[in-house]
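4 protein chains.
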Amino acid sequence: MRSIQQVASELGLGPRDLFTYGDQMAKLRLPAWGDEPGSARLVLVTAMSPSPAGEGKTTVAIGLTDALRRMGARAVVALREPSMGPVFGKKGGGTGGGRAQLWPAERINLHFTGDLHAVTSAHNLLAAALDNHLHFGNALDLDVRRLTFRRVMDQNDRALRQIVVGLGGRHQGIPREDRFDITAASEVMAVLALSRDYADLKKRLGRIIVGLDRSGRPVTASSLEVEGAMAALLSDALMPNLAQTIEGTPALVHCGPFANIAHGTSSVVATRLALQQAEVVVQEAGFGAELGAEKFLDIFCRELGRFPNLAVVVATRRALTLHGLDNLKAHLELLERFGLPTLVALNEMEGDPPDELDLPHVPVRVYQEGGEGALALARQVLESGPPAAVRPAYELNASLVDKISSLATGVYGADGVEYTPRARTQLEECASFGYGGAYVCVAKTQSSLSDDPRRPGRPRGFKLGVRSVYLLGGAGFVVPLCGEIMTMPGLGKHPNYEEIDLSPDGVVTGI
Amino acid sequence: MRSIQQVASELGLGPRDLFTYGDQMAKLRLPAWGDEPGSARLVLVTAMSPSPAGEGKTTVAIGLTDALRRMGARAVVALREPSMGPVFGKKGGGTGGGRAQLWPAERINLHFTGDLHAVTSAHNLLAAALDNHLHFGNALDLDVRRLTFRRVMDQNDRALRQIVVGLGGRHQGIPREDRFDITAASEVMAVLALSRDYADLKKRLGRIIVGLDRSGRPVTASSLEVEGAMAALLSDALMPNLAQTIEGTPALVHCGPFANIAHGTSSVVATRLALQQAEVVVQEAGFGAELGAEKFLDIFCRELGRFPNLAVVVATRRALTLHGLDNLKAHLELLERFGLPTLVALNEMEGDPPDELDLPHVPVRVYQEGGEGALALARQVLESGPPAAVRPAYELNASLVDKISSLATGVYGADGVEYTPRARTQLEECASFGYGGAYVCVAKTQSSLSDDPRRPGRPRGFKLGVRSVYLLGGAGFVVPLCGEIMTMPGLGKHPNYEEIDLSPDGVVTGI
Amino acid sequence: MRSIQQVASELGLGPRDLFTYGDQMAKLRLPAWGDEPGSARLVLVTAMSPSPAGEGKTTVAIGLTDALRRMGARAVVALREPSMGPVFGKKGGGTGGGRAQLWPAERINLHFTGDLHAVTSAHNLLAAALDNHLHFGNALDLDVRRLTFRRVMDQNDRALRQIVVGLGGRHQGIPREDRFDITAASEVMAVLALSRDYADLKKRLGRIIVGLDRSGRPVTASSLEVEGAMAALLSDALMPNLAQTIEGTPALVHCGPFANIAHGTSSVVATRLALQQAEVVVQEAGFGAELGAEKFLDIFCRELGRFPNLAVVVATRRALTLHGLDNLKAHLELLERFGLPTLVALNEMEGDPPDELDLPHVPVRVYQEGGEGALALARQVLESGPPAAVRPAYELNASLVDKISSLATGVYGADGVEYTPRARTQLEECASFGYGGAYVCVAKTQSSLSDDPRRPGRPRGFKLGVRSVYLLGGAGFVVPLCGEIMTMPGLGKHPNYEEIDLSPDGVVTGI
Amino acid sequence: MRSIQQVASELGLGPRDLFTYGDQMAKLRLPAWGDEPGSARLVLVTAMSPSPAGEGKTTVAIGLTDALRRMGARAVVALREPSMGPVFGKKGGGTGGGRAQLWPAERINLHFTGDLHAVTSAHNLLAAALDNHLHFGNALDLDVRRLTFRRVMDQNDRALRQIVVGLGGRHQGIPREDRFDITAASEVMAVLALSRDYADLKKRLGRIIVGLDRSGRPVTASSLEVEGAMAALLSDALMPNLAQTIEGTPALVHCGPFANIAHGTSSVVATRLALQQAEVVVQEAGFGAELGAEKFLDIFCRELGRFPNLAVVVATRRALTLHGLDNLKAHLELLERFGLPTLVALNEMEGDPPDELDLPHVPVRVYQEGGEGALALARQVLESGPPAAVRPAYELNASLVDKISSLATGVYGADGVEYTPRARTQLEECASFGYGGAYVCVAKTQSSLSDDPRRPGRPRGFKLGVRSVYLLGGAGFVVPLCGEIMTMPGLGKHPNYEEIDLSPDGVVTGI
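Residue numbers (the numbering used here), protein chains in the order written: chain A, 1 to 511; chain B, 1 to 511; chain C, 1 to 511; chain D, 1 to 511.
Next comes chain A alone, as it looks inside the complex (with noise of 0.2 Å):
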C-alpha cells in the first residue's frame, strides 16, 4: 500500500497538512474555510429499502470511486467510521468488502484515530457533570424524573439499557434511573459530524440539552460549564481521517451517526474538504434514501451548503425479494421530488439470476472487481450535470407540525400523522424553547417505508404513529420518534467476539 503521506499528496495536501497515525493513516488539519463550500462533483450514494444484511452502499461507494480514479480522475470517497458495537456484535465491520475495501480495515474497525473514544468521553463528561451538579445541591433545579440526556458506550450492551444510578447513600450521587446507548446514537456524535470548525463544536456542545428544571425549562450544557472541556477532548476528533482504498483511493472516513436515530452521514468538514481539494466526491449516507438522503439533503447539505450533483441508488436482488420492485420506484420517487437526478446501481452478488430488472440500471460488481466492476456507473457520473436545484422536503420557517406532515406524506407515503398525547405536548414545548425553526430528524426503522417494520414493500394507507418527540439542542434537530428504536444494540448469543483473535505475533484475526 502507499504510505499515507503519498495519499494525501494526489489531494494536494503536504505532510503539514497531516496528524499521521503510523503509515497509513492520518488526520487531516482543518484549513481556514471560506464562506464557499468547493466546487468539486458530489455524489450521493444511498438505496433501496434495506434487507437485514445491508445492501452494499459503502462497497459501492468504495468501487465506484476506484473507477472515477481509474478514469483519470481526482476521486475522493467520504463515509463513516466505524462503531464498535457492532464489530464485536452480529453486524461485523464497516470498511467495505471483497475489492472494494478500505485499507488499513482491522485499524478501522477497531480505535482507528480514536474519534469513537473522544465522542465517548466528552458525552459522558457531560453526564459526570450533570450528576456531579446534582450532588452539590442541584442549584439549576433540575428535576431528576426529566434529564434525557444519557450515558454512552461503544459497545452492543443490552444490560446497559435500563439501569438505575446514583445509589449507595449520601456521598455517592442521588439515584435516578439512567441509560447508556452506543456511542454512534450520542447527540455529541450528531454535534461532531456538524460541525464547520472549533467555535462551532464548542457552541453546539454548550447548547446540547441535558433535560428538564422542575419549572420544565430546558437546561443546556453551557449552565454546567462543561462545554469547553468537551470541546478540548474532541479537538483532534473533528480532524477528518485520511485512509485509501485497497486500489489506493483517498477515503475521508469521519464520524458515524446513525440514519434512523440520527442524520446517518459523514461530517461536513470532511465533505468540505474534499470539495475544495478534489474534482469528484462520492459520500455514503445511511440506510434507505427515505431516511438518508432525506436527512442528506434537507439536513447535512444545508449545513454544508450546496446539494449534489446526483443520487446513485444501490439495489440488490434480495432487497428485491423482500421489498419488490415498487420499493425502488417509490424512492427514486421521492429523490425526484427532491429534484434530484438518479443512477440505480444493481450491485451484483454470486450467484444472482440474470439481470432482468425492468428498470433503467447500471450492473456493478465492485466486489468481485473493485474499481473495474463500476467503470460503467463512473462513466454515466462523469456525465451528469451541475449540481442539483434541490427542493428540501421542508422549509425550516415552517410550524414543526407541517414539517412533519411534510415528511410524513411527500417522503414516506404516509396519510398523515398521529401524535400520542405526550408526543403532541412535547412538540408544543419544543416550540415554546425557541426550537420551532430546527430540523426535523425522524427516528424511524429502516426496514419500511412506513414506522412499521413487519410492513416491506411500498405501504400505503397508513399514519405515521409519533410517540414521543425529544430535543437535541447541540445538533439542531428535533426528533420525532415513530416506533421502538433501538439506541443500544444487543450481542446475539454467538456474537463475533468469539472469533476474534490475536496472534502470538501481534496479528488480529478474525474482524
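Hints should not be assumed to be uniformly reliable.
Intra- or inter-copy, both count: the list cannot distinguish identical chains.
[Stated by the list, open to error] No farther apart than 20 Å at their CA atoms in a straight line, the calculated lysine to aspartate or glutamate pairs in the EDC-like style are these:
#1 Lys493 x Asp143
#2 Lys91 x Glu225
#3 Lys463 x Glu418
#4 Lys203 x Glu498
#5 Lys463 x Asp452
#6 Lys493 x Glu225
#7 Lys463 x Asp415
#8 Lys91 x Glu498
#9 Lys90 x Glu499
#10 Lys203 x Asp35
#11 Lys203 x Asp505
#12 Lys493 x Asp141
Keep in mind the hints are simulated off the structure, nothing from the lab.
Using the hints, position chains B, C and D against chain A.
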C-alpha cells in the same frame, strides 16, 4: 522540540521501530525478547508518605533523568500514563511540572495514544460478554450476586459507584447490582502493565475471574471465549509510548495502574525495552515506599527479572510537616530491610524555609531549574553500585496468611493482622482455587503507613485490618482490602473541567 | 343503634352463628351449603358510565334496602368493603352517604374486621415464598424477568409502583424488578370473593400463577407449598361481615375486588348466605354496567349458581351531563341483551335542575331522606318477576378470541378487537396452559364504554385495543388489559389524611 | 375455656370495659388514668444470655402466673404480641408451650386483634406521605439520601431488605433507596408500647423523624400533617388485649417491640391497667437481662412511673452449657447493681441431667405441669419485698457519651466504647437536635453480653463498638447500633409455612 524520530534515535531505534502519532509521540514495536532483562542502571523513584497534593515524584524523576542526560548518560525516564478522571477532576494532569515536564503535555494528559481507551474497551467487552452470557441462559450457572468483575470508565463519576443494571424485562438482560470503577483501577490495566508479550497478554486476560458460580467455583474470561477479542483490542496498547521531556530526554510513558489498589508503576515491556536501549532508567512508583516501592520490588521486579540499583526517596517540607521526620525514616528503613541502597531527594518548593533536615539528603530544584536542579542527585546516582541483591518481603511459596503478615509487620510496622470472618473465608477460597502462590497486592490508604488515613507519621501499636479479599486471576494478585479504598473518584464542587477550554484555532487550554 | 346480635336475629341468625367484633360488627360463620343457592329476590344495582365523583350506587343500594325493609320485606344489602387507600387519599370512604349509610362507618372504613389485612398478609406471604425460593437455588427454574405475581399494600403509594428488590448481595435475595399493587387489586382478593368454602379457597390459592419458568411454563403457588398457610391466614376473612345501615337494616359488607381490573362485586359466600336468610338481596356491582354488571352476570352469577331478578341502573344529572342520555341508553340496551329487566333510578342531588329525563325512571332521594327517599323504587322492585333467564355474553367453551370479541362488540359497542403482537402471543399461551375455558375479565377504563378514557358518551367506530393479557389462575380469569389501568393509586397534593384526626378521648374524626 | 367476659370480671372489669373479638379475646378500654401507677406487686421475668432456641421466658412467666393464681393471688401476666414473620418462618409462635400456654393460641399467633396490622398501616401511611411530599415538590427540602424512616411488613422477607423505589418516570414518585423492616421493628410499635393515652400517642407519632433536610436538620411526621391519621389508625391498637392462659389466668398480650433493636417488653398501658386491677403482675422482657431487663428498668419503668419488686432470671441447662455459669452470674450481678432482688428459675426440660447448679435457684416444670410446676417459685415471689429502689444505669441528664459508657462498662462488662467517625458525628447531631436527654436504647446482639455474637459466656477485655447512631424521636430513643442487627428476618430453606394448613371445616393446623 525535537521530532519523535530524533528522540527514538537517541535510544538506537529507527523509523521501523516506531508507530508514530503525529511528530511528537510514537509507540515502539515490541522486539523479540530474550530471557535476560537489560543491564542498564535502574533507579527507583519513591517517596515518604505523601501529603494530599503529592510530593512531586514524577517531577523529580523527570528532572533527575534530564540531569543524567546533561551529564552525558543515555538516560530514559519510565512513567505511568495519566488517567483523564483526575485531569477533569481535582488533581490535574500527571506530566510533571515547571521545567521538569513531559512533552506534549496536553496530549499525554488527554487521549495520548489511546491506551486507556483500549483498556476501557477491552474491560467493558468482557463485562458485556458476561451479561450476554447471563441473558442467554447462563450455561455456566454464575451466581448473579457473586460477580466480581465490574465495568470501567475513564471518568471521575461517583453516580456510577453503585448501580443496578439489566432492568426493563425479559429482553434487557438480567437484573443485578454492578458498579463502574475508574479505568486505572481495571484489572485489565494491571494485566497490560505486567504482560511481557502478546501471548502472555492473551493468556492473562483469559485468566481474569468474573465471579463465582452457584457452587462457589471461580469462572474466568476464557470460559466466555472473549480473551482473544480483548487481546485484539489491546494489541496497540501493549506497545510502549515514547515521548520526551521538555529538555528532549526520552520518556517512556506506559500504563497507569494505581498504587493503592494495584501495583502502581509503569509497564514491564517499557522497562525491559529501556534497560536494553539505555544506560540509566529512572522509574517512578506511586505513593509512599510502603506501597509503591514494596509492590515495585515484590511484584514488578520479580516479573521483570531483575532489581534496581538504588532508590531515590522524595521528601518535601510539606510532607515532613504533616508526617514528621520519623515517617521518612520509616520509609528508609523499610527499603534497607529490602536490601536496597537509598538517597533522599528533598524536593524544594518556592517559599520553603532554609534546609535544616537532620538526615543525609540531596536538595533538588527541578520544578524551578529542570535538569540543572538535579545535577548533584544525578552525580550520586551515577556513583551507585550494581543491582541490589533485594530480599523480597515474602516468598511466593509462603502461605497467603504469612505473606500478609510479613507485609503488615515487616513493611507497615503493624503488630499483626486482624481479619473479618468474611476476609478469612475469602482467603481460604483463594488458596482452594489454586492461588496460594500468587502475589499479595495490598489495597490500603496512601495517607498513612497504617490502614487508617487519619494516622500520619509513623503509627505504632496497630493491627492491619483486612475487611475482605479479592482475587485478580489475570494479574496474579490476591488483594487484601484494608479500609475503604475508593476505586471510582468523584468530581469536586468546582472541578477542573470548568477551566478547560478549546480556542477557536484548536488550542486546548486550562489543563 | 341496635346491637349486632339484634341485627343478626332479623336474618334468623343466633349468637352461635356470629363471631363478634364489639357490639356493632360480626363475622358470620359459614353454614354447610347445599347445592342450591337461596331463592330470595336478587336485585343488582348498577349504573351508567360514571363521572369522576361516582354516581352513588352504594348510597342508592343502601337506601333501596332501607325502603324495602320499611315496606316489610326481610331485606339485606350486599356491599364491598372499602379499601383504606382511597380513605386516606382522594376518594374517601365507601360506606354510603347522608342518610343512607352503613354503621359503624369509621370502623368499616378503617380496619373493619381485618379482611383486607388478611388478604395483604396472605398475598405477601406468597410473594415472600417466591423470593425465598429464588434465594435457595430456584429449583423450579423460574425466570426472574417473567414473574407476574407482585406484592400488595392497602395504601395509595405511587412510589411502590415500580421498584427493584433483592439488592444487597448474596444474603439478601435475588435482584429483580417488582411492584406493589393496592390490596383491592390482589388476585387473592378475587379468590376470596369467589370461593364458596374453605376447601375451594385453598384449591384456588394453590392455582395462583406466580410467573413462568425459563421454558415458558406457568408455576403456581402450590409448587411453593404455601397455599395452606395462605388459607390459614384467610380463614376468618372468608366469613362474611355483618353490619347495619343507620336505619338498622342488615348489611353484608364483604370483599372488595375493583371492577375495572377484577370482577367488582362482593363475595359469593355473602350473597349465598343472604339469599338463604332474607327475602330480598340488593347487591351493588362497581362502575358502569358494561364492567360491573357484565362481570356480575358473566362471572359472579355463574359462580353463584343463579341470576338476579332485575337490575337497577343508577343515573345522575352529573353523569348525564358528562355522558349524555345515549350513554344511559347503551347501558340499558346491553342489560336487555343479557335478558335482564331494568329500572332506572335517578339519584337526585341538591341543586339538580327539575326532572326532565326523557326515559322511564324513578327518582330517588336517599342521601337526603334515607329509605323514605326510595319507596317508589322499592315498590317497583317488589313487583318484579322471577329470576331472569340471563344469556351470558359468551359461553365458556368458546375460544378466548371469540369471548373477547363478544364482549367488545356485544357489550362495549366496538367494531372489533386489535391485539398487540405481545397480547396475541399471551392469549395463545393462556390457551396452551389449559385456560381456554376461563372467564374473560377485561381490565378497562371505567370512564368510557370504549377503552379510551377521553371518549365519554356512547363511542362508535372504535376497536378495542388489547395491549397485553395476563392469567389469574386462582380466580380463573384471563384478563385482557385494554389501555393503561392503574393498579396502585397515588395520593393527591392534599390528601384526606391531612384532615383525619384522633381526639384525646379516642374519637376518630375527618373520614 | 372460660369466656373472656368471665376472665375480665376476675380483674374487676365489666362488659362496658371490653371490646370483644369473639368469645375468647377482647380489647380493654382505656380508663382515665391518675398520676400514680398501681400498687400491685410487679415481677420482671428476664433471663441469662439465650441459646438460639430461647430459654422459655414466656412459658415461665405464664406458668408462674398460673401458680400465683393457684395460690389465691389475683395475678395477671403481661406479654408481648407475636409477630407473624417468625410464625411462618423458623421460630414459630410466641404463646408459650406445653401446659403453660396462652389461649386462643392460633388466633394470637395470626391476626389476633389486628394490632400489628394497625402498626403496619400507620407506619406505611407515614412512608407514603413522605414519598408523596417528595413527589409534589419537596417543599421541606428533604435530602432523598438521608431519609431514615423506612417501610414495614409483618413478614420475614429478605428480598425487601434493600430496594429501590420511585422508578418509572415523572408520575411515579422520586427514585430513592429504601428498605422494609419487620413490623415489630417499627418505631410506631415502640411508640404504641410507650404511649400512656391517645394524646400522648398522637404527640409521639408527630415527633417521629423521617430524615434530614439538605441543611442537615431533622424533619418530623408532624411536618407532613399525618400524625392525626396515624393515630386514628392506631386508636383500637392502643387498647390492651385480654386473653387467658389455658389454666384460665388473665393475660394481657399487647405490643411487641423487639429487645435487640427496641425496648423489648409489652405496653405501658397494659401494665398500668394490670397494676391497678390485680395483686401480682408478671411481665416478660426479651432476651438476656443486659438487654431486656436493662431497657425494662431504664426505659419502660421510668415511663411507667415505678419499678418492679423483683426479677426472676430464667436459666436452662442448654444456655448454661453454651454460656457457662459465669454468664448467669454476670446477669445476676448486673441486676444487683440496679438494686433489684433476683430469683433464679431453672426451667427444666425433658432429658435434662439431674440438677447440680452451684447457685441458689428454684427449679420450674411449667411446660410439663403448668402452674403446678412453679408453685415453689410463686411462693418465693409472694415473699418478696416492696418495689425496689432501683438505681438506673444512667441519669437522663448525663451526656449521650456518658450514658453509652455507663451501659457498656456497667452493664455489658466492656472496657470502654469505640465509635466510628460516623457514629461520633451522629451522636453530636442527636445532641444538637435537642435529644441529649433521650433514653439510650442500644441495638446489640442478644447472643453475647458483648457486641460480638461469637463470644458466648462472660466476655472480658472488649470495647463496645458503635458503628452508627440513629434517633427515634417518637419513642424518645437514641439508638447506638453495635454490630450487624437484622431488622428484617429471612425465611429458611423449609419455613414453617410448608406445615401450616387449613382444614375443609376451617381449622388452622401446624402453628
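Status of each hint after checking the structure:
no. : hint            : in the structure
1   : Lys493 x Asp143 : between (38 Å within a copy, 18 Å between copies)
2   : Lys91 x Glu225  : between (38 Å within a copy, 18 Å between copies)
3   : Lys463 x Glu418 : both (6 Å within a copy, 15 Å between copies)
4   : Lys203 x Glu498 : between (42 Å within a copy, 15 Å between copies)
5   : Lys463 x Asp452 : both (10 Å within a copy, 18 Å between copies)
6   : Lys493 x Glu225 : between (43 Å within a copy, 12 Å between copies)
7   : Lys463 x Asp415 : both (5 Å within a copy, 19 Å between copies)
8   : Lys91 x Glu498  : within (14 Å within a copy, 40 Å between copies)
9   : Lys90 x Glu499  : within (11 Å within a copy, 42 Å between copies)
10  : Lys203 x Asp35  : within (18 Å within a copy, 55 Å between copies)
11  : Lys203 x Asp505 : between (46 Å within a copy, 14 Å between copies)
12  : Lys493 x Asp141 : between (44 Å within a copy, 16 Å between copies)
The structure shown violates none of the earlier numbered hints.
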